[in-house]
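Work out the full structure, taking the sequences as your base and the hints as a guide.
There are 2 protein chains.
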Amino acid sequence: MIDSGIRLPWNRRLKLLIAYDGSSFSGWQRQKHDRTIQGEIEKCLSIMTNEDIFLHGAGRTDGGVHAEGMVAHFDCSSRIPDQNFMRGLNSMLPGAIRILDTNTCDPSFHARFSAIGKKYHYTVFTGKVHPPRIRLYSHHVTAPLNLATINSCLQAVVGTHDFSSFENSGSRDKSLTGGRGAVRTIYSARLLQQDKDCLVFEFIGDGFLKNMVRNLVGTILEAGRGKFDAEQFAAILAAKDRSSGGPTAPPQGLFLKQVFYQDRTLDHCISGKD
Amino acid sequence: MIDSGIRLPWNRRLKLLIAYDGSSFSGWQRQKHDRTIQGEIEKCLSIMTNEDIFLHGAGRTDGGVHAEGMVAHFDCSSRIPDQNFMRGLNSMLPGAIRILDTNTCDPSFHARFSAIGKKYHYTVFTGKVHPPRIRLYSHHVTAPLNLATINSCLQAVVGTHDFSSFENSGSRDKSLTGGRGAVRTIYSARLLQQDKDCLVFEFIGDGFLKNMVRNLVGTILEAGRGKFDAEQFAAILAAKDRSSGGPTAPPQGLFLKQVFYQDRTLDHCISGKD
Numbered sequence: 002m003i004d005s006g007i008r009l010p011w012n013r014r015l016k017l018l019i020a021y022d023g024s025s026f027s028g029w030q031r032q033k034h035d036r037t038i039q040g041e042i043e044k045c046l047s048i049m050t051n052e053d054i055f056l057h058g059a060g061r062t063d064g065g066v067h068a069e070g071m072v073a074h075f076d077c078s079s080r081i082p083d084q085n086f087m088r089g090l091n092s093m094l095p096g097a098i099r100i101l102d103t104n105t106c107d108p109s110f111h112a113r114f115s116a117i118g119k120k121y122h123y124t125v126f127t128g129k130v131h132p133p134r135i136r137l138y139s140h141h142v143t144a145p146l147n148l149a150t151i152n153s154c155l156q157a158v159v160g161t162h163d164f165s166s167f168e169n170s171g172s173r174d175k176s177l178t179g180g181r182g183a184v185r186t187i188y189s190a191r192l193l194q195q196d197k198d199c200l201v202f203e204f205i206g207d208g209f210l211k212n213m214v215r216n217l218v219g220t221i222l223e224a225g226r227g228k229f230d231a232e233q234f235a236a237i238l239a240a241k242d243r244s245s246g247g248p249t250a251p252p253q254g255l256f257l258k259q260v261f262y263q264d265r266t267l268d269h270c271i272s273g274k275d
Numbered sequence: 002m003i004d005s006g007i008r009l010p011w012n013r014r015l016k017l018l019i020a021y022d023g024s025s026f027s028g029w030q031r032q033k034h035d036r037t038i039q040g041e042i043e044k045c046l047s048i049m050t051n052e053d054i055f056l057h058g059a060g061r062t063d064g065g066v067h068a069e070g071m072v073a074h075f076d077c078s079s080r081i082p083d084q085n086f087m088r089g090l091n092s093m094l095p096g097a098i099r100i101l102d103t104n105t106c107d108p109s110f111h112a113r114f115s116a117i118g119k120k121y122h123y124t125v126f127t128g129k130v131h132p133p134r135i136r137l138y139s140h141h142v143t144a145p146l147n148l149a150t151i152n153s154c155l156q157a158v159v160g161t162h163d164f165s166s167f168e169n170s171g172s173r174d175k176s177l178t179g180g181r182g183a184v185r186t187i188y189s190a191r192l193l194q195q196d197k198d199c200l201v202f203e204f205i206g207d208g209f210l211k212n213m214v215r216n217l218v219g220t221i222l223e224a225g226r227g228k229f230d231a232e233q234f235a236a237i238l239a240a241k242d243r244s245s246g247g248p249t250a251p252p253q254g255l256f257l258k259q260v261f262y263q264d265r266t267l268d269h270c271i272s273g274k275d
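Protein chains in written order, with my numbering: chain Z, 2 to 275; chain L, 2 to 275.
Just so you know, the hints here were simulated from the structure itself, not pulled from any lab data.
Possibly wrong hints are sitting among the right ones.
Pairs count within a copy or across copies, as identical chains cannot be separated in the list.
Below are the EDC-like pairs computed for lysine to aspartate or glutamate, each with C-alpha atoms no more than 20 Å apart in a straight line [said to hold, decoys possible]:
{"no.": "1", "residue 1": "Lys16", "residue 2": "Asp107"}
{"no.": "2", "residue 1": "Lys129", "residue 2": "Asp102"}
{"no.": "3", "residue 1": "Lys228", "residue 2": "Asp242"}
{"no.": "4", "residue 1": "Lys129", "residue 2": "Glu69"}
{"no.": "5", "residue 1": "Lys241", "residue 2": "Glu223"}
{"no.": "6", "residue 1": "Lys258", "residue 2": "Asp196"}
{"no.": "7", "residue 1": "Lys33", "residue 2": "Glu232"}
{"no.": "8", "residue 1": "Lys228", "residue 2": "Asp264"}
{"no.": "9", "residue 1": "Lys197", "residue 2": "Glu69"}
{"no.": "10", "residue 1": "Lys129", "residue 2": "Asp83"}
{"no.": "11", "residue 1": "Lys16", "residue 2": "Glu69"}
{"no.": "12", "residue 1": "Lys197", "residue 2": "Asp264"}
{"no.": "13", "residue 1": "Lys33", "residue 2": "Glu52"}
{"no.": "14", "residue 1": "Lys241", "residue 2": "Asp230"}
{"no.": "15", "residue 1": "Lys44", "residue 2": "Asp102"}
{"no.": "16", "residue 1": "Lys228", "residue 2": "Asp207"}
Dropping the structure here:
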């Protein structure tokens, strides 16, 4: 037998870095009848490896939500080199889903349980007419917004809180939350102004509940419109009751930008150095 | 009869400034069975005015080509105020088509015949993986490109030339070209580097033949890849023969950015001040 010099474990775990345009998918999670990101990638992986592949994502995203840095892992016994996995997947997947990187990783790595934080962006377009080119990647708000109020609300979000007021029901897998319930820590919540008609909300936290970013943005936009002030926003947060919160902002403005696995990367990102 | 103070002519001409994402349309021009930009807008205008409306565009764009500054005009006898036309159209049209401005204009204005120039952008993404978010708005080229060669080709394009080598056949309405055949004047042809992985080709000229920008870009990219040099590119231009030109670059990279009707605006744009 010729020794190729390449030693791949038979029980191999691969980590994928994924970008997708969620516009025409029913979200991340595999569904029987609908087209989903997880479903599309699993289908291609199963064809490539001739094995039943189960893809574990770092989290789920809803229909219409996008990602530029989703992470997922899967196990297989294939010897296909990492880069060929990437090329093969990108040649089979629709252009709306792209594999940005593929690496064989330690079998102890878990896309979801090893994650120590996530970064989300939510884009709001405030100009008069919503440009066709960004209509699927931003939420259009025509009412004038008070940025000082928005910034005060964002400051109130930072820290460790019970975010029940911003969690949609029927979603959380309570066996997996390690007993912390709806308590999450937001390391950074700020506004990045990209150009004069685009506001980008950035949230970095240790974890996010179902629809939490969209509920936060929807509620903060109500404050920005003058419906209530930052103090009342803080009271909504303290109420720990979804019915006191504002509306859910639409999915198309939301991007999962990054999943963190290393303290150093997360710290850099929070401090704005990354 | 109450005099409202508003006097609108019964034979009224309106000018529209239009942006569209051409991805899901069969181009600008009305077609019997396919969804087109002209067809969609005419349909809405006819409903609003209860008249048969014929929309005259400044030009046609192919399926998949986008616009951020298409101009069109139509005649009607409706007294609907300009801004209500805009609001009404934007409420009826799909989000992929937006009316940016509406003005009652002089009846001598003609979107096509009054135009003295046009500006097009063509975006090429040169990074390794084509980001899903820009896949419908850029052409992906992975081969290394020689920018010096590309710039030399662009310089050769500037000026008054017979562009037969870059004109697709069966297209030109020869009764309307004023005897100039395939001769067009390009005022400016240059590369705008937006970020490290995006090249934007900008062309400003008095007029463009069918597929001319896409044929120029497709051929210049072949030169950029090293298939031939700028001298050979100039020879292709001089050949006045489409069969000597390179391939047609795909539609999704192309944006009609602006149509010019005033010397001053055109001059500012050519000099880069606008």
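| request: Check lysine 228 against aspartate 242 for me: Cα-Cα at most 20 Å, and say if that holds within a copy, between copies, both or neither. | output: within (19 Å within a copy, 65 Å between copies)
| Within, between, both or neither, where lysine 44 and aspartate 102 count as close if Cα-Cα is 20 Å or less | within (18 Å within a copy, 46 Å between copies)
| task | Up to 20 Å between alpha-carbons, please classify lysine 258 paired with aspartate 196: within, between, both or neither. | result | For lysine 258 and aspartate 196, the Cα distance is within 20 Å both inside one copy (19 Å) and across copies (19 Å).
| said: At most 20 Å between alpha carbons: which applies to lysine 197 and glutamate 69, within, between, both or neither? | reply: between (23 Å within a copy, 18 Å between copies)
| Is it within, between, both, or neither for lysine 129 and glutamate 69, if the alpha carbons may be no more than 20 Å apart? | between (27 Å within a copy, 15 Å between copies)
| query | Between lysine 16 and glutamate 69, at a C-alpha cutoff of 20 Å, which is it: within one copy, between copies, both, or neither? | reply | Intra 15 Å, inter 40 Å, cutoff 20 Å: intra-copy only.
| message | Regarding lysine 33 and glutamate 52, is the shortest C-alpha distance of 20 Å or less found within a copy, between copies, in both, or in neither? | response | Classified as within: same-chain Cα gap 19 Å, cross-chain 48 Å, threshold 20 Å.
| said: If the cut is 20 Å between Cα atoms, do lysine 241 and glutamate 223 qualify within a copy, between copies, both or neither? | reply: Answer is within: at 18 Å inside a copy they meet the 20 Å cutoff, but 61 Å across does not.
| request: State whether the alpha carbon distance between lysine 228 and aspartate 264 is at most 20 Å within one copy, between copies, both, or neither. | output: neither (38 Å within a copy, 48 Å between copies)
| said: Please sort lysine 197 with aspartate 264 into within, between, both or neither, judging by C-alpha distance up to 20 Å. | reply: Neither, since 34 Å and 29 Å both go past 20 Å.
| Is it within, between, both or neither when you check lysine 16 against aspartate 107 at 20 Å Cα-Cα? | within (9 Å within a copy, 63 Å between copies)
| field | Within, between, both or neither, where lysine 129 and aspartate 102 count as close if Cα-Cα is 20 Å or less | value | Between copies only: 11 Å across chains, 38 Å inside a chain, cut-off 20 Å.
Violated hints, listed in ascending order, are 7, 8, 12, 16; each of the other numbered hints is respected by the structure.
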